[in-house]
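Could you slot chain B with the ligand onto chain A? The hints should help.
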Amino acid sequence: MASNPNTYRNQPDERGHFGDYGGRYVAETLMPLILDLEREYRAAQADPEFQREFDDLLEHYVGRPSPLYFAERLTEALGGAQVWFKRDELNHTGAHKINNCIGQILLARRMGKTRIIAETGAGQHGVATATVCARFGLPCVIYMGAEDVKRQSPNVFRMKLLGAEVVPVTSGGATLKDAMNEGLRDWVANVHDTFYIIGTAAGPHPYPELVRDFQSVIGREARQQMQDRIGRLPDLLVAAIGGGSNALGLFHPFLDDPEVKMLGVEAAGHGLDGDEHAASLLGGVPGVLHGNKTYLLQDEDGQITEGHSISAGLDYPGIGPEHAWLKEMERVEYTAVTDEEALEAFQLLCRTEGIIPALEPSHAIAAVAKIAKDMPKDSVILANLCGRGDKDIFTVAERLGVEM
Amino acid sequence: MSAESRLSNAFSKPHPALVCFVTAGDGDTAANLDALVEGGADVIELGMPFTDPMADGPAIQAANLRSLGAGTTTADVLRIARKFRERHPEVPLVLMGYANPMIRRGPEWFANAAKEAGADGVICVDIPPEEDDALGPALRERSIAPIRLATPTTDAKRLPQVLEGSSGFLYYVAVAGITGMQQAAIESIEANVSRIKQSTDIPVAVGFGVRTPEQAAEIAEVADGVVVGSALVELVGEHGEKAPEKLREYTASLAKAVHSAAKASA
Ligand SMILES: Cc1ncc(COP(=O)(O)O)c(C=O)c1O
Numbered sequence: 001m002a003s004n005p006n007t008y009r010n011q012p013d014e015r016g017h018f019g020d021y022g023g024r025y026v027a028e029t030l031m032p033l034i035l036d037l038e039r040e041y042r043a044a045q046a047d048p049e050f051q052r053e054f055d056d057l058l059e060h061y062v063g064r065p066s067p068l069y070f071a072e073r074l075t076e077a078l079g080g081a082q083v084w085f086k087r088d089e090l091n092h093t094g095a096h097k098i099n100n101c102i103g104q105i106l107l108a109r110r111m112g113k114t115r116i117i118a119e120t121g122a123g124q125h126g127v128a129t130a131t132v133c134a135r136f137g138l139p140c141v142i143y144m145g146a147e148d149v150k151r152q153s154p155n156v157f158r159m160k161l162l163g164a165e166v167v168p169v170t171s172g173g174a175t176l177k178d179a180m181n182e183g184l185r186d187w188v189a190n191v192h193d194t195f196y197i198i199g200t201a202a203g204p205h206p207y208p209e210l211v212r213d214f215q216s217v218i219g220r221e222a223r224q225q226m227q228d229r230i231g232r233l234p235d236l237l238v239a240a241i242g243g244g245s246n247a248l249g250l251f252h253p254f255l256d257d258p259e260v261k262m263l264g265v266e267a268a269g270h271g272l273d274g275d276e277h278a279a280s281l282l283g284g285v286p287g288v289l290h291g292n293k294t295y296l297l298q299d300e301d302g303q304i305t306e307g308h309s310i311s312a313g314l315d316y317p318g319i320g321p322e323h324a325w326l327k328e329m330e331r332v333e334y335t336a337v338t339d340e341e342a343l344e345a346f347q348l349l350c351r352t353e354g355i356i357p358a359l360e361p362s363h364a365i366a367a368v369a370k371i372a373k374d375m376p377k378d379s380v381i382l383a384n385l386c387g388r389g390d391k392d393i394f395t396v397a398e399r400l401g402v403e404m
Numbered sequence: 001m002s003a004e005s006r007l008s009n010a011f012s013k014p015h016p017a018l019v020c021f022v023t024a025g026d027g028d029t030a031a032n033l034d035a036l037v038e039g040g041a042d043v044i045e046l047g048m049p050f051t052d053p054m055a056d057g058p059a060i061q062a063a064n065l066r067s068l069g070a071g072t073t074t075a076d077v078l079r080i081a082r083k084f085r086e087r088h089p090e091v092p093l094v095l096m097g098y099a100n101p102m103i104r105r106g107p108e109w110f111a112n113a114a115k116e117a118g119a120d121g122v123i124c125v126d127i128p129p130e131e132d133d134a135l136g137p138a139l140r141e142r143s144i145a146p147i148r149l150a151t152p153t154t155d156a157k158r159l160p161q162v163l164e165g166s167s168g169f170l171y172y173v174a175v176a177g178i179t180g181m182q183q184a185a186i187e188s189i190e191a192n193v194s195r196i197k198q199s200t201d202i203p204v205a206v207g208f209g210v211r212t213p214e215q216a217a218e219i220a221e222v223a224d225g226v227v228v229g230s231a232l233v234e235l236v237g238e239h240g241e242k243a244p245e246k247l248r249e250y251t252a253s254l255a256k257a258v259h260s261a262a263k264a265s266a
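Going down the list, the sequences are from chains A and B.
For what it's worth, the working numbering labels the leading residue of the first sequence as 1, then goes sequentially.
For what it's worth, the working numbering labels the leading residue of the second sequence as 1, then goes sequentially.
One should not assume that every hint holds.
Now the in silico label distances, taken between C-beta atoms and shown as ranges [unchecked claim]:
hint	chain 1	residue 1	chain 2	residue 2	range
1	A	Asp20	B	Ser143	25 to 33 Å
2	A	Asp275	B	Arg105	18 to 26 Å
3	B	Ser12	A	His192	33 to 41 Å
4	A	Ala46	B	Glu214	51 to 59 Å
5	A	Asp13	B	Pro160	17 to 25 Å
6	B	Lys157	A	Asp193	19 to 27 Å
7	B	Pro58	A	Pro67	43 to 51 Å
8	A	Arg42	B	Gly69	43 to 51 Å
9	A	Lys377	B	Gly69	54 to 62 Å
10	A	Lys160	B	Gly69	31 to 39 Å
11	B	Pro137	A	Asp256	31 to 39 Å
12	A	Ala46	B	Ser12	47 to 55 Å
13	B	Gln161	A	His60	43 to 51 Å
Computed footprint of chain A on chain B; a stretch qualifies when at least three of its residues, placed anywhere within it, have a C-beta under 8 Å from a C-beta of chain A [said to hold, decoys possible]:
hint	region
14	59 to 72
15	130 to 139
16	147 to 154
17	177 to 183
18	192 to 200
If you're looking for bench data, these hints aren't it; they were derived computationally from the structure.
Yeah, the Cβ is synthetic: ideal placement off N, Cα and C, and Gly gets one too.
Next up, chain A with everything else stripped away, as it sits in the complex (with noise of 0.2 Å):
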C-alpha cells in the first residue's frame, strides 16, 4: 500500500489527518477550542516576532542547540557502525520535553490562556511543564497517575518545588492514559482560561503537528551538525517511542532524504508474545483514542489495555497518529526492546561513555547495540539521547537488587 509521495514532510492534511490516522475525535464541547488553536497557531508561525522569541529561549534557557557526540567507547565496544548521539539529555530540565512545552506556553500567552494543565507519565513532561509556567508565571496542574507519583517521586517533588499542583489520578489503572483522560475532563470545564500543553505529538489535530514542529529543533541541528562534523548525513536514526514526540522530533527533517534511513523503538516491556509490552504499533490495533486515530493497544472489544514498560515514559496504550502513517507508508521501521534489554543498554552507556542515560533512551540504545555490529564501520548511526538517567536511578537499583 505504500505509494510513494513526493515528500513525506506535509503532513497532515488540512482536516488533521496523517492517511487514515489523527483527527479531531473530541467532544464537541472542545470542538471551537482546538479550532481557535489551530487558527492561533498558524497566526504565530506566520509570525516571526513567536520565532524569534522560541528561539531565543531554547538558546538561553534551555540551552540549545545541544551537542552532537561520537560515542568513540561504545562504537569500540559494539564493533561495527559509528555511533552518534544527539544529546538532549543535557537540556534544561533533562529531557526534549522542554523544547515543545516552550512553544506551548508562548501559544498559551499569545491565546490570553491564564491558566495551564497537562498530564504526565514518568514526570518528565509534567516537570517541564512545571517549569515553563514558573518561568512566566503562570498557575499550573499536573495530572498524575497515582501509581506513577509512587514510582516517580523525585518528579513530583520537583514539580511542587516549582509551584505546581500535582494531581495523583486514581481512575481506571491510575497511569499515563488515566492522566491524560483528567487532563481533557480538566480542559472541558475551563475551556475559557485554560491551556492544555499535550505532552507528546498525539491528541486531537493540531497538537501532532504543533508537538512535532516543536520537537523538530531536534532533527534540524542535528541534521547542520552531521554536515558540517563529517560532510554527510547519517545512515540510520533511531529514537525510542513513547508518543513518539522525540522521535519525530529527530526524524521530520531527514524525511525526505531517501539515504537516510530510520528505527523507532517501541517498549516490548516483558516480551511482545505476552500483554505486557507498550508497543501500540507492533502489537496494537487502529482505533481511536484521546482525540486521534492511531494504533492503540485494545482487546477485541475496543476496550483500552494496560501498557507496561520498566520505562514510565513509554508506557502509554497509544502513539502519535504520524508514526501510524509513516509506519503505513514503509518510511520509517519499527522495533521494540524489551525490559532487560534496556537495563543492559543503561548500564553500557554508564560504563562506556560516563553518561546515565533515561530508560526511554535506553531503548533506543539496546537497538543500536543490537544492528550496530553488522553495520560496516563507516557507516553512522545517529540515537537521540532525549533524557538523562537521574530520575530512573532508583528503578534501576530496584530491578539490579541494590539497596539505596
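What follows is chain B with the ligand alone, placed relative to chain A:
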C-alpha cells in the same frame, strides 16, 4: 415500528420527554431498564461501557468500571438492547458511548448490529461533525439517527455544521464540563435552546448536571426533553440488586415533573 417513528413519537407527545440514561452491564440492566419505562421514561439511553470515558464525571466513570469489571462485552450490550426491544416494542432506545468500542469492527458492522438490536439512535461523544465519516454514513444508511451534541461553546457559526446530518433529537449539553457535575443557570439554558430551535425543527433535549425533579421541571419548561443520567446511575451503584425499585420511584418523580411542564415547542 421504525426507528424514526419511535423517536419522533416520543417527542410528539403532549408533554416534554424524559430521557433516562443507565450504563449497560451495570447491575441487572434489563430490570433497571424496565423500571425506567414503568416510572415513565419516554426515551432510554443505554450507555456502552468504555475503559476511558473522557467526558464523564465520577458517577458514570464508576458505572463504566463496574460494568467492565463484571465482564460486559459489546455482544452483551447489544443483547441487552435486543431483549429490551422485544419487551418494549414502542419505547425508543438510543445507544450512547465512545467511538472506539463502536468502530472497533468497522462502522458497517456496528450500524448493522445496532439496527438488528432495535436501536433508534446513536450518540457518540467523541465523533464531532468533522469526523462524521467514521460512523455517520453507516448509521444514516440504516435509518439510525446520529444524535449530535451541542454545547455552550457551539457558537452560531458552528451550529449549522452540528445540525447537518443529525436527526432524532439534538442533545444540548447544558454545561461546559463533564457529566454529573454542576448545573447550568436556567437563563443560559433557555437562551441557548431558543437560539438552537431557531435553526432547526428537530427536538432539543437538555442534559448534563440535571439531578432533581425540580431542575428537570424547570428545564422542561424551555426544552423538548430532559436527560437524566448520573443521578440514576448513582442509584444503581448504591442499591445494586434493589436498584430497580429505587429507579422506578425516582423516575416517576422526574416524569411527574417533566410531564406536567408546559410544552415549549408548541
Ligand atoms: C526522556 C524521555 N524520553 C522519551 C519519552 C517518551 O515520549 P516521546 O515518545 O513523546 O518522546 C519520555 C516521556 O516521558 C521521556 O521522559
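Status of each hint after checking the structure:
{"no.": "1", "hint": "A/Asp20 x B/Ser143: 25 to 33 Å", "verdict": "holds (27 Å)"}
{"no.": "2", "hint": "A/Asp275 x B/Arg105: 18 to 26 Å", "verdict": "holds (21 Å)"}
{"no.": "3", "hint": "B/Ser12 x A/His192: 33 to 41 Å", "verdict": "holds (38 Å)"}
{"no.": "4", "hint": "A/Ala46 x B/Glu214: 51 to 59 Å", "verdict": "holds (52 Å)"}
{"no.": "5", "hint": "A/Asp13 x B/Pro160: 17 to 25 Å", "verdict": "holds (23 Å)"}
{"no.": "6", "hint": "B/Lys157 x A/Asp193: 19 to 27 Å", "verdict": "holds (22 Å)"}
{"no.": "7", "hint": "B/Pro58 x A/Pro67: 43 to 51 Å", "verdict": "holds (48 Å)"}
{"no.": "8", "hint": "A/Arg42 x B/Gly69: 43 to 51 Å", "verdict": "holds (45 Å)"}
{"no.": "9", "hint": "A/Lys377 x B/Gly69: 54 to 62 Å", "verdict": "holds (56 Å)"}
{"no.": "10", "hint": "A/Lys160 x B/Gly69: 31 to 39 Å", "verdict": "holds (33 Å)"}
{"no.": "11", "hint": "B/Pro137 x A/Asp256: 31 to 39 Å", "verdict": "holds (35 Å)"}
{"no.": "12", "hint": "A/Ala46 x B/Ser12: 47 to 55 Å", "verdict": "holds (52 Å)"}
{"no.": "13", "hint": "B/Gln161 x A/His60: 43 to 51 Å", "verdict": "holds (44 Å)"}
{"no.": "14", "hint": "59 to 72", "verdict": "holds (count 3)"}
{"no.": "15", "hint": "130 to 139", "verdict": "holds (count 3)"}
{"no.": "16", "hint": "147 to 154", "verdict": "holds (count 7)"}
{"no.": "17", "hint": "177 to 183", "verdict": "holds (count 3)"}
{"no.": "18", "hint": "192 to 200", "verdict": "violated (count 0)"}
Comparing the model with each earlier hint shows a violation of hint 18 alone; every other hint is respected.
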